[in-house]
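Assemble the dimeric complex from its two separately framed chains, guided by the hints.
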Amino acid sequence: MRRGNIIANLDWITIMLYLLLVIMGWLNIFSAVYSEGHPSILDINQRYGKQFIWILAAIIMAIAIVLIDHRFYEFFGYILYGTAILILLAVLVAGKEINGSKSWFALGGFQIQPSEFAKPAVALALAKYLSTFNINSKKFSTLLKVGIIIFLPSLLILLQPDTGSALVFFAFVLPVYREGFSGAILIGMFALALLFILVLVSNELVLLASIIALGFIAYWLMVKSFKNLILAVLIFIAFFFISLGASYLFGNSLEYYPAALISMVLSIITYLILAYIHRIRKVGILMLVVAATVFYTFAVNYSFDHFLSDYQQRRVNIMLGIQSDPLGAGYNVNQSMIAIGSGGVVGKGFLQGTQTKLNFVPEQSTDFIFCTVGEEWGFLGTTIVIILFLYLFIRLITLAELQKEKFARVFGYGLVSVMFLHFFINIAMTIGLFPVVGIPLPFFSYGGSSLWAFTIFLFIFLRLDAGRKE
Amino acid sequence: MINQYFQRKYIIGGIILLAGLVLLFRLFYLQVVNSSYKLSAENNSKREVIQYPARGLMYDRNGTLLVSNQAAYDVMLTPGQLDAFDTISFIKILGISLADVRSGIKKAKEYSSFAPSVFMKQVSGEIASVLQEQLYKFPGFFVQTRTLRKYPRNIAAHLMGYVGEVDKNIIGNNPYYQMGDYIGISGVEKRYEEILRGVKGKKNYLVDVHSRITGSYQGGRFDVPAKIGKDITLTIDADLQEYGESLMKNFTGSIVAIEPSSGEMLCMVSTPSYPPDLLVGRGLSHNFNSLSSDTLNPLFNRAIAASYPPGSTFKLINALVGLQEKVITPATEFGCQSGYAFKGQFLGCHSHRSPLDLREGIQNSCNSYFVNVFRRIMEDPKFGSTDQAFNNWRKHLLSFGLGNTLNSDLSGELKGFIPKDEYYNKYYGKDHWNFLTIRSLAIGQGELGVTPLQMANLTSAIANQGYYITPHVLKAVIGEESIDPAYLERHYTSIDTTYFPIVIDGMELAVNGGAGSTAGRAKIEGIVVCGKTGTAENPHGEDHSIFIAFAPRENPKIAIAVYIENGGFGGTWAAPVASLMIEKYLTREVKRKYLEDYIYNAEIKRK
Ligand SMILES: [Zn+2]
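Chains as they are written, first to last, in this note's numbering: chain A, 1 to 470; chain B, 1 to 607.
Source of the hints: derived by calculation from the structure; they are not laboratory data. Keep in mind it's a predicted model, so treat the numbers as computed, not measured. All C-beta atoms, glycine included, are put in the ideal place defined by N, C-alpha and C. A hint or two may mislead.
Label-pair restraints from in silico Cβ distances [what the hints assert, rightly or not]: (1) F222/B to K145/A: 42 to 52 Å; (2) S210/A to Q134/B: 52 to 62 Å; (3) D69/A to Y176/B: 50 to 60 Å; (4) I6/A to F222/B: 44 to 54 Å; (5) R395/A to F222/B: 58 to 68 Å; (6) I171/B to L351/A: 35 to 45 Å.
Next comes chain B alone, as it looks inside the complex (with noise of 0.2 Å):
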């Protein structure tokens, strides 16, 4: 009686298999009877083409162009959309083998069916436009325009490193970049990549069997368009790097160049270098590899990367610290009898009238002057022991940005080396050294790393009696307010205003002073140029040679530190060096032809 419908479940069971059958019989007409479906898959094919956008471009801070931007085009396969094509005249147009085209096909297939992928980097401009013509013979190939690198000035190759394209581990990274993108490597490039690289876009086309395309897909509703890459202005100025980069071209060292005020770079030379284009396109690996086989090692970016001991300059450092402790006045005399002698130790100078008060003793750079300065620095009897006083002399070092990265936007700074106390405890034993064991440092030897960017920040502390602005190369973003804040901040140093004058009065004299005075050939008609000799001692070879300057006196433009490796004493070549770039830099033109053919045409064994 419960069941008395059961036969029912007939007329269910046949409504159900009925609606399969339809299915299937739609499902049968649809894939097996008409055939146009399958016509229309065919001419169904997206390709997305990624929308490169122009890099920003570089200008100094006189608004002349330092980078731009050159068309490439690449090559570029999709597998899945290769067909049979005219291989001879494919390889005609693009000048290749075809061993050439099977590898280039089969390595595009191991990175993606579906992808494309670069298959023939950085054709020319002819070719790339003959391919474009006859691209419908070649299914699955198409061309991409990108931007490289053009360097109008071809200067300062380290400052503004490099472009190249991405690597695995770049890719691993960072999912904005692709297979074939390109990225900064080093320098300016590598620093402000975000800003200048702007952002990617996309436009989705669909293609037909040919490779042709036949209309934007789906209404260019996924298309992204690019952003434009921000353009730059460097605080270098392109005429006084160009200029630095000749002065040194017989010489391996570097000259840093630092506007007081502001902090901002006017140049960073160092050399040997390489010419910026060296490193575009497709001559970069090639061309990479030897310059990093070069033995003079030219990639090497000495201004922030190699470290010296200061030499001499030293002493200026040490006046600063004797006055602020109150070791010494400027009217502090010492005695000199062409050196320094004590408890059978001997330090050597060279002749000069004796004795000499604080000014005179940085004109004519006498040891003896600073290693008593030093003694009475570190035999203070305000501190319990050397160690103390060691470590207050320290403090002020580190204040004038010693010892440490300046945090600058130029990526690879050296750190520079100023010991710890800790380092002689464990060299000599605790309370087992005194000043006699470190005697050297009063100078600017021994145990010493200053790399010149440090060193021409610290003339710029100097210059600016008491305090530096951060070194920076970056003055502004077009189109944007302002930079970073870090780039404005004033640091202070541990040394009092009232005391940096003195100081200044004996680098004055130093260049302009006359007899006695160590960098006479630094000397300027018409300005009054700061500043200071050394010499690294160094034991692989000849000295180094060193100079520090500022100019003018009042209101300083300019301070600059120059290093040349193996240049001897300091008023040899790098005082010279170093008026000629504050004259060039001043006054626009350098009169002294007789100075800068004295430069040009130096020679100095290289090591």
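So that you can see chain A by itself, here it is in the shape it has in the complex (with noise of 0.2 Å):
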């Protein structure tokens, strides 16, 4: 290739990728607000001439990413970094509330989602921070610094509140990860990112009993002894059918939860003694994190139920499925599983979708515009998109391993695993496999913040790569 030729050093692969992907989501929304009286695709009157709008928007913005040198982004990563947090300040102080959440700065006749720009901002100072020279991975203060920076715009967010799009922030383990920090931390992040999830979404006791028997998985993970297992499971029953007979002796009632705390407490010094008498180590620091994790449940309880109003509350568990609607939980997804399912192999075609055109389906054309997609292309077509969407995903990823800049290397991460997270969550939701979280699938969902968002970090990506073979 020659050098300094931009165009040419662009990775077209990625561009025809996109722009497919962003006429397809057009055409689904299209399908998905059509409405009689106004049959043109560019009636500006409808979101479908409205997203036309933003999609050309969006591609200005695309040509004005490109032009700019390749050194801005690494240069001015935490400036950008800082002034996104100071969006995020400020749209709590003076942010249009939109169905309970602060999360909108109302311009004139439309509104922009600064949580969505968000996460470009992010994977610009995370990568200028893991690009430093001479970073120690194994140090507990880079780890604190690295948290810091991802986690403090998730906070912001989560105050708005927002909860989906905070959640998305835990996207950005996997280029630290990648980097070489311990796959501890993935799995850790992980495993908290489940945890927060599902203290607010199930019963509590069902909760405690999960974290007692992945404590024993991971025990017998450790130590390989099945005969201590097995030892160890029965002092924990016996403890816990002493706390329960002792409740409905004394309560006349049957506690099953103060039961299984109190039990577990018990068996955990109870596994500390015998630990020390057997001196075996590792068990300390297992009964550490089993009982951090059950801390930390609480405080993701406590802090929602004493931080967010009432009002924030029934907003939050409104978006995670739990208070869906009137028609009792559950109600969205059913619907939105239904107009899935009924597109059959190859689905009703374009504009026939009955199911989303008579609104049955919420959210339509924003956090569940694949309904139409399933609706009217069937799995035909759910399946194309998968594709595309995993093809981007692995082509960015093989983009992103060519790098020679450490900084373009994790910026390129950053960006492959927040779309991944919400092209996850997005599908997942309306499909039943996750709780509803109102974020939008990338480049299909109506609404200009989220494309212009994405377009941005697609675009920021794409110059850094053409700038490595310049």
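Written out as structure tokens, the structure is:
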């Protein structure tokens, strides 16, 4: 390739994938909100017409980004990050409240969602920090700084509250892992994120039982002694029945949750004593982790109950699908699954979907746009969309690995990870594999903020990649 | 050294691919393996049923019901829910042909495949109930109830107007209306559309594949209850209106009666007319077409949209202007030798004693007298020229509500015509015309156009001795406090109150003065009727007969204007009709059966 020819240096396979996904998204928005009174896809009174304008704007942004020198992004990484934090603070104060969340700035006729733009900013700052010379991934202070870069914006977004968007920041654990940080961080973060949702979604007792069960499994993996495992389980069961019996005797009722909690504390003490006698050091650490996890679940529950107003709690609950609507929990997901399921193998055809058209599916053009794909294009369509996304992700990983600069590589992994998590959570929630947290499907969902933010994110990386060849 | 962890890309890539596979497996299960969702989707159809509010009723001033509602049933079709159905029993129930079904379905599909449209309008209640029972056999069809107008008295068609289906134009201009909706097209129905119609509501139902309602959509979250239309009371007296229509059945013309103290219109008759129930329901468009092609033009509301010269009734105005401008006094006398001659021009008059004073001039309707009055007005030395004197005269006329729409609450009011000086300047040249040129204005002929409504209003202003209240037909919206304040305001004429009794004396004499009175036929025993005849010259045929009157003299309760086209002299037909109307209104029954018979047996050649 010739030096300095930016057009030739861009990765056109990625750009083609991008355009393909954006256009498919636009057609599906058209179909989802199609109104017979406004049959033109360019009618700007309708969402599809507006999306067209946003697509044009996104392309202009992409061109602008590509024209800027690639060193600009590394040089201004922290400043852009700082700006993003300031804007996130500002939206908490001066933002417009929609559906109970202060996540939006109203500018003239339309709204901007700053949390979308915080994601590329975090990727820039994280890439810049991890690419500093002589960084030591084993040092705790390094880990702490990485944690702050990633989770400070996430925390601010959680305060809006916008649980879905806050959750997405866990994606940045992947680039951190790629740069040589311990795999335990990956598993730990994954576990924390999962636990976070589980605490809000599921019943306390089930949660506690799961933690205890996981503790036993971890113990067995570490010690590899079946005999010790049986012993440990028996000790716990004994304590549990004693506690339960005591609650029945004194309180005249079977209190499972306190019984499980008390028996857990008693068991841990017993295990620690036994471990000390038999000089098994690893057990101490395991017990610490289990206790910390239980403490964490309390903390999440406590902060949810005490730091959020009733109204905000209800919104989060609705977002998590706990209190979805008057027709009972799970209505949205159920309708969404009916829409997708009714598409069959080849779908009902363009503009022929009845479920999305008759408003059975909520948020059909934004968070549930995948329903239209599923209903009108069937399994064939959903498979093509998923394969296109997977191809894009693999392509981006390949490009990221080709980078000579560590900055560009970390940024590329950040991009893939965030996009992937959006993709996975969004589709998973429409098919009932994940609670309904309102996050958009990249390039598909209706809305300027999401489209623009992902376009900016992608094209900064493509610019960095082109810079590699100069 | 830097890239020692590169193999972790496989783990990251692996996680992504694995997640993608999980999604694909789940989708394969939902879309290919499990067919229960397909079934759910079929059972998951929404039907939006518009709730049409009952249109507001109309009552007359005495609480008599004038307009009410009747139920009608439209067969609706949502083409998207259509499925193979038992066509034979379908056409049997509706009594239509297979071709009708095909073209109906085609039309509905052209309109929209998801939105319901009218398949067959206004089927009978029996058909509707049979169809309703067997609806499960005909997926995509349903029955929608609407209300149509019903006219218990079948009178006052022009005044009330009619209700018809909206056209594309209306739908385009007002998003409230949808295909198949009804709207007031004319008269009160049009003017008070928003009060009468109420606000449509809607109910959303879930229906299964057999078009059966299985429940309310999303718990009725999106349902909007209909707001019922408001009832109104009109100022019309139904009995008087009905009587007026019967008196006019042999004539072309109109009657407008107003209560002077309030401006309330007591009746508004325009003939030929039509029974309002012709323009209801399925017969509407056919009947409308035959009415509009009728050469007698029964759809035309002459009371507000026809203008005629006022004829001799105009002498009252000239008398008032002459008194106001002090060019005559009540005692001013002028002679008349069967007409008025000046500079070789002659204007005829009938024979009567001479000379006459102002009151007698009105009583005898002497042409010579009023040409003299008009000459004094036009040659008034106060004004430098005929031009200025003319403009001043015209200003007085406008203060009676002539030459412009009155802004009543009836749509389609004509302005009428009172010429400006420019009109004559253009025709004859500036300073090339004088009182003689325009002498016919003295006796209400020539370039003058006044509608019967304006004429009744003028009469009302004389009855009130100097002011009128804009005539209107809405008395009250039931349940609301007040009407438009514009219909309470007094509009004062430019004539001082003191001059009116003199002219009213003349009007009283015209009816009750015995020999020489031009309107003796309007006399009613025990009621002092004040009136004035008029004859509008008609270049196309027999002159139009005009009569204006109010009664009783003290505290007038009714002011009336009657126009009978081709009726000849005002005293012949118009005066007795007005008199019967006054008797009917003031005494509630008519004793003069001979006069009634005279009118009922009238034969007039209509032109
Ligand atoms: Zn005379």
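Hint check:
1. A beta carbon spacing of about 51 Å between F222/B and K145/A agrees with the range 42 to 52 Å that was offered as a hint.
2. S210/A and Q134/B have their C-beta atoms about 57 Å apart, which keeps the hinted 52 to 62 Å range intact.
3. Restraint check, D69/A to Y176/B: a C-beta distance of roughly 57 Å satisfies the suggested window 50 to 60 Å.
4. Between I6/A and F222/B the beta carbons are some 52 Å apart, a value that agrees with the proposed interval 44 to 54 Å.
5. Between R395/A and F222/B the beta carbon distance is about 44 Å. The supplied range of 58 to 68 Å is therefore violated.
6. Look at I171/B against L351/A: about 23 Å separates their beta carbons, and that is not inside 35 to 45 Å.
Going through the hint list in order, the structure does not satisfy hints 5, 6.
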